[in-house]
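For reference, the chains in residue letters:
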Amino acid sequence: MTEYLIRRVLQSVLVIFLITLLTFLLIHAAPGGPTKVMLSPGLSPEVLEQQAKNLGLDKPIPVQYVHWIGDLLQGDLGYTFKNHIAVSDLLWPRIANTFILMGAAWLVSLVISIPWGIYNSTKVYGLSDQTASFISYLGFAMPTFWFGILLQQWLSIKLDWFPLSDMHSRGHEGDIGDLFMHLVLPVTVLALGFLASYMKYARSSMLEVLDQDYIRTARAKGVQERKVVFRHALRNALIPIITILGLDLPILVAGATLTENVFNWPGMGRWFVEMANSREYSALMSITIVIAVMVVIGNLVADILYAVVDPRVKLGKQGGKAA
Amino acid sequence: MSTDHSQLVAQSSASASGTPDSGLAPTPGPQIPADVSKRPPGPWVVLWKKFSRNPYAMSGLIVLLVFIIAGILAPKLTKFDPAAIDLMFPNLKPGAEGHLLGTDELGRDVFTRLLYSARISLMIGFSVALASVAIGSVIGAISGYFGGWVDTVFMRIVDVMNSVPSLFLNILFMAIFGSQIKYMILILALTSWMSIARLVRGTFLQLREMQYVEAAKAIGVSSWGIIFRHLLRNASFPIIVNATLMVGGAILSESALSYLGLGVQAPKASWGVMLSNAQEFMLVDPMQAVYPGLCILLVVLAVNFIGDGIRDALDPRQQVTKSRRRLEKWRKNYSKSGN
Amino acid sequence: MAEKLLEIRKLTTGFATEKGLVKATDAISISVKKGQTVCLVGESGSGKSVTSLAIMRLIDYAGGMIMEGSIHFHGQDLAAKNQEDMRLIRGNQIAMIFQDPMSSLNPVFTVGEQIAESLRLHQNKGNDEAMKAAVDLLKLVGIPAPEIRAKQYPHELSGGMCQRVVIAIALACNPELLIADEPTTALDVTVQAQILDLLRKLQAELGMSILLITHDMGVAAEMADRIAVMYAGAIVEEGTVEEIFDHPSHPYTVGLLQSIPGFEGERGGELYTIRGTIPPIGQLPSGCRFHPRCPHAMDVCRSQEPPNFMITSDHRTSCWLFQDKPVQTDYSDEVRTHG
Numbered sequence: 001m002t003e004y005l006i007r008r009v010l011q012s013v014l015v016i017f018l019i020t021l022l023t024f025l026l027i028h029a030a031p032g033g034p035t036k037v038m039l040s041p042g043l044s045p046e047v048l049e050q051q052a053k054n055l056g057l058d059k060p061i062p063v064q065y066v067h068w069i070g071d072l073l074q075g076d077l078g079y080t081f082k083n084h085i086a087v088s089d090l091l092w093p094r095i096a097n098t099f100i101l102m103g104a105a106w107l108v109s110l111v112i113s114i115p116w117g118i119y120n121s122t123k124v125y126g127l128s129d130q131t132a133s134f135i136s137y138l139g140f141a142m143p144t145f146w147f148g149i150l151l152q153q154w155l156s157i158k159l160d161w162f163p164l165s166d167m168h169s170r171g172h173e174g175d176i177g178d179l180f181m182h183l184v185l186p187v188t189v190l191a192l193g194f195l196a197s198y199m200k201y202a203r204s205s206m207l208e209v210l211d212q213d214y215i216r217t218a219r220a221k222g223v224q225e226r227k228v229v230f231r232h233a234l235r236n237a238l239i240p241i242i243t244i245l246g247l248d249l250p251i252l253v254a255g256a257t258l259t260e261n262v263f264n265w266p267g268m269g270r271w272f273v274e275m276a277n278s279r280e281y282s283a284l285m286s287i288t289i290v291i292a293v294m295v296v297i298g299n300l301v302a303d304i305l306y307a308v309v310d311p312r313v314k315l316g317k318q319g320g321k322a323a
Numbered sequence: 001m002s003t004d005h006s007q008l009v010a011q012s013s014a015s016a017s018g019t020p021d022s023g024l025a026p027t028p029g030p031q032i033p034a035d036v037s038k039r040p041p042g043p044w045v046v047l048w049k050k051f052s053r054n055p056y057a058m059s060g061l062i063v064l065l066v067f068i069i070a071g072i073l074a075p076k077l078t079k080f081d082p083a084a085i086d087l088m089f090p091n092l093k094p095g096a097e098g099h100l101l102g103t104d105e106l107g108r109d110v111f112t113r114l115l116y117s118a119r120i121s122l123m124i125g126f127s128v129a130l131a132s133v134a135i136g137s138v139i140g141a142i143s144g145y146f147g148g149w150v151d152t153v154f155m156r157i158v159d160v161m162n163s164v165p166s167l168f169l170n171i172l173f174m175a176i177f178g179s180q181i182k183y184m185i186l187i188l189a190l191t192s193w194m195s196i197a198r199l200v201r202g203t204f205l206q207l208r209e210m211q212y213v214e215a216a217k218a219i220g221v222s223s224w225g226i227i228f229r230h231l232l233r234n235a236s237f238p239i240i241v242n243a244t245l246m247v248g249g250a251i252l253s254e255s256a257l258s259y260l261g262l263g264v265q266a267p268k269a270s271w272g273v274m275l276s277n278a279q280e281f282m283l284v285d286p287m288q289a290v291y292p293g294l295c296i297l298l299v300v301l302a303v304n305f306i307g308d309g310i311r312d313a314l315d316p317r318q319q320v321t322k323s324r325r326r327l328e329k330w331r332k333n334y335s336k337s338g339n
Numbered sequence: 001m002a003e004k005l006l007e008i009r010k011l012t013t014g015f016a017t018e019k020g021l022v023k024a025t026d027a028i029s030i031s032v033k034k035g036q037t038v039c040l041v042g043e044s045g046s047g048k049s050v051t052s053l054a055i056m057r058l059i060d061y062a063g064g065m066i067m068e069g070s071i072h073f074h075g076q077d078l079a080a081k082n083q084e085d086m087r088l089i090r091g092n093q094i095a096m097i098f099q100d101p102m103s104s105l106n107p108v109f110t111v112g113e114q115i116a117e118s119l120r121l122h123q124n125k126g127n128d129e130a131m132k133a134a135v136d137l138l139k140l141v142g143i144p145a146p147e148i149r150a151k152q153y154p155h156e157l158s159g160g161m162c163q164r165v166v167i168a169i170a171l172a173c174n175p176e177l178l179i180a181d182e183p184t185t186a187l188d189v190t191v192q193a194q195i196l197d198l199l200r201k202l203q204a205e206l207g208m209s210i211l212l213i214t215h216d217m218g219v220a221a222e223m224a225d226r227i228a229v230m231y232a233g234a235i236v237e238e239g240t241v242e243e244i245f246d247h248p249s250h251p252y253t254v255g256l257l258q259s260i261p262g263f264e265g266e267r268g269g270e271l272y273t274i275r276g277t278i279p280p281i282g283q284l285p286s287g288c289r290f291h292p293r294c295p296h297a298m299d300v301c302r303s304q305e306p307p308n309f310m311i312t313s314d315h316r317t318s319c320w321l322f323q324d325k326p327v328q329t330d331y332s333d334e335v336r337t338h339g
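Residue numbers (full-length UniProt numbering), protein chains in the order written: chain A, 1 to 323; chain B, 1 to 339; chain C, 1 to 339.
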């Protein structure tokens, strides 16, 4: 287990390293590069040069990369160009806001989709299964931002049940009830997307397991059908689901970007688009890295959980016990 | 039941073997030798037969064709210019002044803009799918053929690409390279080739192990030719399914980028641009948000139905699920215990 | 004579397929007496496994159903029971072991847990008590160091070990009838013999009846008191092991016996095979179902299905070659003659 863990962590570090390299090169390959974009226009050449020097932009690209990585490791994510604010000061609160939104949507969709998918696997092509399949198709084909706009028009503007956008009403910061009301619409939008895929995974994973010989053995033993599903099949079916949950994190994060923009949610995704529009390279690079790290950690956690849940994956078991 | 004693395996009659090279088509083992006169239909015919029996897939195909034709014939179907601003008639109701679906806040004809958006969205969708197939096939083929460190490097790249959400990459790339349609196609393709590469690589790895490839190498025939032929035969259908689904994904990505202001730029029309506009003027004219979204939904649904239809037509397991539905009915009618 | 434990009469089962509802077994009748071993022999696709699933009523979960006929066990008709009542019989009075021991065990539970589950279900044993009994059962089926093995997962055991575990699960509640569906097919030859020995030993100790399903005449010869030969969903010949081996009457049985390597009747060192293949489910020929492959086929065979002809009071065959023998009029009569 330990050995396996170490190997996976090293792999993850390598992937993160490659992502930093890719991001850095991309940004420096941009037409004009950061030098031109980052510097304020209309300054005299001498001032420009001085500014570039201050930012280390006159050095060769490999040197710049090493500097950047060094700063990154110390938690220094650079500064924005516009107002020269530390990127880290801006980034962390936004990440927290994104987590609130994403976490809520994730929980809601998991709580609905997994049991529903399992139920449908036992009643294939029943009414519930057909409904779920219809929702899945909608979830996959509907632009999330459009769904968001429709909900705003209907539940917010027309019926005035929920606030139109933002995270707090003015003067209600820290009010949980207010936050909850603001969460309802974006969470609904986000959850639909997750729901569509999780339900499909849960259903197909269960169907595959229910077809296995050991399920027949369990029935031949006289196990109650309920127990066949929840004890014998579910534990096996959850193994691939857990992996997929980890691998799906990128979609989760991306989904949040659009939803945050629709509902003006002060999260990382909306900020990313803002920064992209104003070409704030330090911020863009930081967000990309943060997301990559999150995703890689998600995959790692999924892998470790996989090894915990599935007794067949027990690498270096003795070593793990001895340690 | 599946394992059988060799003694019991009967000598197969000569007709049962069929043509050795019938590719994907499962050779129907005819029992009666008289069947030999009928040539088994080719894989495309079989595919189309099954596909055309699927109502979802067929309605998807029809909807998609309607959109494609509407996009191509856009200038013929409307007398308005999609970008023409007419401040005399903003926010017209549908039908007013000859505007089928009314006008937007700048007096532009909504129906016309929807038509021209179909053009752009479909063009982007299909181009991205084609470009992804091209990129993915080349990378997958190189990776699978050479193996070793080349394979490792490419597969690491695939891992990296998969671990960053593609929308983020798209936003990043668009921000860096600027929002031109040719860049958008390239960028969307660059963030969606991975599944094709995996597929092609997998097929290559399989083929490399095959006896006839080994044999061809042994007698000095270039194995490239053989591999290429078999690759086309074995991987082309899965690639088509994948590419079809990719068209839908690309259209969604395009609309998302355009909605965020990083894709198609006004005054050009795109469903995403229209939605972004509509959200601003939500209070004035709520219907404006409905049309473009509905178009995206319909096209993507259509493309997904087509992709699923092709996949189901290829997948022998589909037959089992179909029968399961029938079984429920029969069980009620014929089963002794009634359950 | 011993009392009949299981009596199957005119059992017809069906499956839903692309082509409609097709029969997997066609009015088959067999009975198993107390302490007896009956072998169902046939090629794969002959319906022998379906029969075993039907007795357990697991056929309902496999996409099939019992359409007609009865399965009397202790005077109750299992075919008419609901699943909840069946559940109390399964694993308790009737137990089953399957072909592939590795895939028949749940990979996420220890083997001890899997055995103990039966005991908890049917004998209301507590956790500790059930685990202790599970260890005893592992000892009974000849697994060394049972205390350690009980805590292991199936993937840590060999195929032969797994089959012993599967047998232990089946024997947990002292069943009166054990159905063994190809219990040795997936195992190595040396292990096969061990498992068969084990089954024989356990039968002698526990006094249960065994319905053994196999494609292997050799296994049948070793284990059976009675043999029923199945072909394409019907029993074509049935009798005591001596009758079947000494006086095989149905041409299919003769063919099966001739195709055993080293068996009498083997011609010139060449392995005998029956020409043709078993017809797929739902595509039965007219008349006798074996006539397209039969070396003795006559006109009557092509048009009329043969009834059961009684060769002796203990031996019936379904072949027109024996039309001078008395026809079995009713199955219950036949039972009476040797009951």
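Any given hint could be a false lead.
[As the list claims (entries may be wrong)] Footprint (simulated), chain A over chain B, 3 or more residues, beta carbon under 8 Å: (1) 125 to 134; (2) 174 to 180; (3) 251 to 262.
[Claimed, not checked] Taking lysine to any residue pairs in the SDA-like style, the calculated list, with each CA pair at most 20 Å apart, reads: (4) B:Lys182 / A:Leu26; (5) A:Lys227 / C:Ala62; (6) A:Lys227 / C:Lys125.
Keep in mind the hints are simulated off the structure, nothing from the lab. The beta carbon of each residue, even a glycine, is placed where N, CA and C say it ideally should be.
*Which of the stated hints cannot be reconciled with the structure, identified by number in ascending sequence?*
Violated hint (a single one): 1; every other hint is consistent with the structure.
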